[in-house]
Amino acid sequence: MSNELTFQDGMPITLVFSKANVEPNTTTALTLPQGGVGLKVPTGYAFHALLISGESNADISAGTGIFKATANTTVLTNGPSATLSDLVQVASGVMRPHAEPITAGKIVGVSVVTDANWSANTVDLDAVLVGVLLPA
Amino acid sequence: MSDVLDYIPVSLSYRFQEVQANATNRLTLPNGGAGFKVPTGYAFHPRMIHAELDTAVTAQSIALSVAADGVAVSGLSVTLNASAQVAVSAQRPQVVKIAAGAVVSVVAVAAPGFTPTTAGLDVVLSGLLIPV
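Taken in order, these protein sequences are the chains called A and B.
Take the first sequence: its letters are residues 237 to 372, numbered as in the working numbering.
Take the second sequence: its letters are residues 3 to 134, numbered as in the working numbering.
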């Protein structure tokens, strides 16, 4: 499998994740709608995370929660991120392509990193991750 | 709408809980919707399908295909079995075109004896809307 997805600027992919009841001071993986862990990058391609949007269904009264793209559950150092905090219930962040490609065979996911002051243990979180598959 | 863009990338999330053996299981959008209706003036070209079971297959296999109005179309599919809990496949545009007005979805055909029947499925389907 190679080059089937090639067109002008790569094959855009949008992924939807969610998670409820995230604890403070943790890194928690969000899941696909039925509980799956994420998108496995097909052979011959790399996934470039470009945009992440995070949202809570209630206000974060204290602390922060940072949404980050992951590769095999490991948070990307140079991926897009979005931070929720008090009075910031929706946030998004972007990153250029080629900043930290996720290689074939790895699972693309999203985690939220909460600090010790995070007090929104019962909120529901949604995240949208947008990226492109480019030939490796 | 067909004059707006040369093509529109679309990614869709489908799910299914408790896959039935020896049956065609029709996946739904996260809240139960049947799928994505192709707008007038466009055809949907499936490009990539990604499927994941939340539990390892213990017997037989399950094949997932792109569907138009609930009927599988030839071309893009993946199969999950005891050695593949996650699978992904891709194809070029123009191979399969789903016409305007049809509802794009995913069907999962589980072989007789497929287990576990308690498994949950996540599928990501990506494609392009290209003017006809």
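Careful, some of the hints might be misleading.
Stated by the list, open to error - Computed beta-carbon distance windows for the label pairs:
1. B:Pro32 with A:Ser297: 22 to 32 Å
2. A:Gly341 with B:Ala61: 44 to 54 Å
3. A:Ser297 with B:Val97: 44 to 54 Å
4. B:Thr117 with A:Glu259: 32 to 42 Å
5. A:Ser297 with B:Ser85: 46 to 56 Å
6. A:Asn293 with B:Gly34: 18 to 28 Å
7. A:Gly341 with B:Ser63: 15 to 25 Å
8. B:Ala58 with A:Asn357: 46 to 56 Å
9. B:Gln62 with A:Ala352: 41 to 51 Å
10. A:Thr250 with B:Val97: 37 to 47 Å
Claimed, not checked - From the structure, some residues in chain A lie toward chain B, with a derived Cβ separation under 10 Å:
11. Ile249
12. Leu268
13. Pro269
14. Gly274
15. Val277
16. Leu369
17. Leu370
Note that these hints are calculated values from the structure, not bench results.
Computed from a predicted structure; not experimentally measured.
All C-beta atoms, glycine included, are put in the ideal place defined by N, C-alpha and C.
Against the structure, the hints:
no., hint, in the structure
1, B:Pro32 with A:Ser297: 22 to 32 Å, "holds (28 Å)"
2, A:Gly341 with B:Ala61: 44 to 54 Å, "violated (26 Å)"
3, A:Ser297 with B:Val97: 44 to 54 Å, "holds (52 Å)"
4, B:Thr117 with A:Glu259: 32 to 42 Å, "holds (34 Å)"
5, A:Ser297 with B:Ser85: 46 to 56 Å, "holds (47 Å)"
6, A:Asn293 with B:Gly34: 18 to 28 Å, "holds (19 Å)"
7, A:Gly341 with B:Ser63: 15 to 25 Å, "holds (21 Å)"
8, B:Ala58 with A:Asn357: 46 to 56 Å, "violated (31 Å)"
9, B:Gln62 with A:Ala352: 41 to 51 Å, "holds (48 Å)"
10, A:Thr250 with B:Val97: 37 to 47 Å, "violated (22 Å)"
11, Ile249, "holds (5 Å)"
12, Leu268, "holds (4 Å)"
13, Pro269, "holds (4 Å)"
14, Gly274, "holds (8 Å)"
15, Val277, "holds (8 Å)"
16, Leu369, "holds (7 Å)"
17, Leu370, "violated (13 Å)"
The structure fails to meet hints 2, 8, 10, 17 from the earlier list, while all remaining hints are met.
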